[in-house]
Amino acid sequence: MQLFRPGANTIAMLVIAAIGATPVLAVGLSYQLMRSPYATDQNVTRNQPVPFSHEHHVSGLGLDCRYCHTSVEKARFAGMPPTETCMTCHSQIWTNARMLAPVRESLAKGQPIAWTRVHRLPDYVYFDHSVHVAKGVGCTTCHGEVGQMRLMRQAAPLTMQWCLDCHRNPAPHLRPTEAVFDPNWHAPKDQAEAGARLAATYHIHTDHLTDCTICHR
Amino acid sequence: MTIRRLLCLMMLPAALGGCGDHSMTQQNRYGTFTKAALFRDGTEAQVPPKGAIAQGELDRARQVATPPPVDMALLARGRERFGIYCSPCHGLSGHGDGMIVQRGFPAPPSFHSSRLRAADARHFFDVITNGYGAMYSYAARVEPRDRWAIIAYIRALQQSQRTDMTEVPQLRSKLP
Numbered sequence: 002m003q004l005f006r007p008g009a010n011t012i013a014m015l016v017i018a019a020i021g022a023t024p025v026l027a028v029g030l031s032y033q034l035m036r037s038p039y040a041t042d043q044n045v046t047r048n049q050p051v052p053f054s055h056e057h058h059v060s061g062l063g064l065d066c067r068y069c070h071t072s073v074e075k076a077r078f079a080g081m082p083p084t085e086t087c088m089t090c091h092s093q094i095w096t097n098a099r100m101l102a103p104v105r106e107s108l109a110k111g112q113p114i115a116w117t118r119v120h121r122l123p124d125y126v127y128f129d130h131s132v133h134v135a136k137g138v139g140c141t142t143c144h145g146e147v148g149q150m151r152l153m154r155q156a157a158p159l160t161m162q163w164c165l166d167c168h169r170n171p172a173p174h175l176r177p178t179e180a181v182f183d184p185n186w187h188a189p190k191d192q193a194e195a196g197a198r199l200a201a202t203y204h205i206h207t208d209h210l211t212d213c214t215i216c217h218r
Numbered sequence: 441m442t443i444r445r446l447l448c449l450m451m452l453p454a455a456l457g458g459c460g461d462h463s464m465t466q467q468n469r470y471g472t473f474t475k476a477a478l479f480r481d482g483t484e485a486q487v488p489p490k491g492a493i494a495q496g497e498l499d500r501a502r503q504v505a506t507p508p509p510v511d512m513a514l515l516a517r518g519r520e521r522f523g524i525y526c527s528p529c530h531g532l533s534g535h536g537d538g539m540i541v542q543r544g545f546p547a548p549p550s551f552h553s554s555r556l557r558a559a560d561a562r563h564f565f566d567v568i569t570n571g572y573g574a575m576y577s578y579a580a581r582v583e584p585r586d587r588w589a590i591i592a593y594i595r596a597l598q599q600s601q602r603t604d605m606t607e608v609p610q611l612r613s614k615l616p
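If you read the sequences in order, they're chains W and U. Last residue of the first sequence: 218 (our numbering), numbering continuous. Last residue of the second sequence: 616 (our numbering), numbering continuous.
Think of the hints as simulated: they come from the structure by calculation, not from any bench. No residue lacks a Cβ here, since even glycine has one placed at the ideal position from N, Cα and C. One or more of the hints may lead you astray.
When the alpha-carbon atoms are kept at most 16 Å apart in a straight line, the in silico EDC-like pairs for lysine to aspartate or glutamate are as follows [stated by the list, open to error]:
no. : chain 1 : residue 1 : chain 2 : residue 2
1   : W       : 136       : W       : 106
2   : W       : 75        : W       : 129
3   : W       : 110       : U       : 481
4   : W       : 136       : W       : 179
5   : W       : 136       : W       : 42
6   : W       : 75        : U       : 583
Here are some, though not all, of the chain W residues that point toward chain U, as calculated from beta-carbon distances under 7 Å [to be verified]:
no. : residue
7   : 62
8   : 63
9   : 65
10  : 67
11  : 68
12  : 71
13  : 78
14  : 82
15  : 90
16  : 93
17  : 94
18  : 96
19  : 125
20  : 129
Required output: the full structure, derived from the provided sequences and hints.
Structure follows, in structure tokens:
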């Protein structure tokens, strides 16, 4: 008596193969999920109390990043502008705009505007803006095309892998000092040589740039 | 029924294990500009108590009192800072026609007017520090040394608009 049809062998092999492949695929899938924009919050546009447009202020008006983010060259934190900085211009321009009502209210009450944070690193990560801009890493290298963003969004994944990619090989991203705050900078054709030259001028040594204590202190 | 009970029991440790965040992504400390229940105004960014003296305050006072010697490095710094903080209104050449003025801000006087050409450096320093008319104070944004650097650059701008061609003969070949 024959219990199994001839095709049963194939099915049995497929089932065994599937049992073997499932854990591998599951690990691969969860790894991909962990790094996907869904998990890293990449490209999520956040609602803000005032719909501040970097596109208008950076590309339209040509304001330098440092006009508002004043501590970016001096401190770990790039600095969020106090309401006074907004009012430097908006005490005279768009003084009745409904969009700016929270700014006026903030000034009148002496209460800071509660912006929704867009870039958040885990608390166990030490990050310092000042050293990055001093060593030729430009704003848009990490923050993306800020001059095209009507509302702020996180352009980079901000994963450890992403940090390490640059810490292992910074040369392709390095800019000359005068281009660090240029929102429209693009790597020149000879970036390979220029980057290596800049790394030498900035005294960037990659041999210790991936030490644990560089970012975890 | 027993299988369902068993499943529920198996889920329990998993659910309990999820309690609390053990990843250390959010640690028990305040970050810059975060909400802080500890303080009455609810923010981590506290104003120093009255009478507190910041570190480096003496040095800063010295910087205010004595202008640094003018060299190319100071002029370059002044040019950079002028571009960031002044050019939006005063314009890159100092005529008072910057982008913000083009968008409706009251026009500031040109640096090339006879009044501002005659004004002494301290006047510019005081205006940057305290503001003037519609202009806000830039004391919190521009360090005293940078204020002097900006003033040196304004002097260079003023010079650039009143220079006789005979003084720079090599320039003629570069002009259109």
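Query raised in the report: Given the proposed pairing of residue 75/W with residue 129/W, does the C-alpha separation stay at or below 16 Å?
Result: Roughly 9 Å separates the two Cα atoms, so the pair holds.
Query - Hinted contact residue 71/W with chain U - closest CB pair below 7 Å - result: holds (5 Å)
Query raised in the report: Under the criterion that the straight-line Cα-Cα distance not exceed 16 Å, is the pair residue 110/W, residue 481/U satisfied?
Result: Given that 16 Å is the threshold and the Cα spacing comes to 12 Å, the pair holds.
Query raised in the report: Was the hint right that residue 62/W lines chain U, CB cutoff 7 Å?
Result: This interface hint holds because 5 Å falls under the 7 Å limit.
Query raised in the report: Holds or violated: residue 93/W as interface residue toward chain U, Cβ cutoff 7 Å?
Result: holds (5 Å)
Query raised in the report: Holds or violated: is the Cβ of residue 125/W closer than 7 Å to a Cβ in chain U?
Result: holds (5 Å)
Query raised in the report: Hey, does the residue 65/W contact hint survive, CB to chain U under 7 Å?
Result: holds (4 Å)
Query raised in the report: Does the alpha-carbon distance linking residue 75/W and residue 583/U stay inside the 16 Å limit?
Result: Judged against 16 Å, a Cα distance of about 11 Å means the pair holds.
**Report entry** Cut-off 7 Å, beta-carbon criterion: hint that residue 78/W touches chain U
**Finding:** holds (5 Å)
Report task. Tell me if residue 129/W is really an interface residue toward chain U, meaning its C-beta lies closer than 7 Å to one of theirs. Result -> violated (12 Å)
Report task. Classify the hint on residue 82/W as holds or violated, based on whether any CB of chain U lies nearer than 7 Å to its CB. Result -> Interface hint status for residue 82/W: violated (9 Å vs cutoff 7 Å).
Query raised in the report: Under the criterion of a CB-CB separation shorter than 7 Å, is residue 67/W in contact with chain U as hinted?
Result: Since chain U brings a Cβ to about 5 Å from residue 67/W, closer than 7 Å, the hint holds.
The structure fails hints 1, 5, 14, 18, 20 (numbered hints given earlier, in ascending order).
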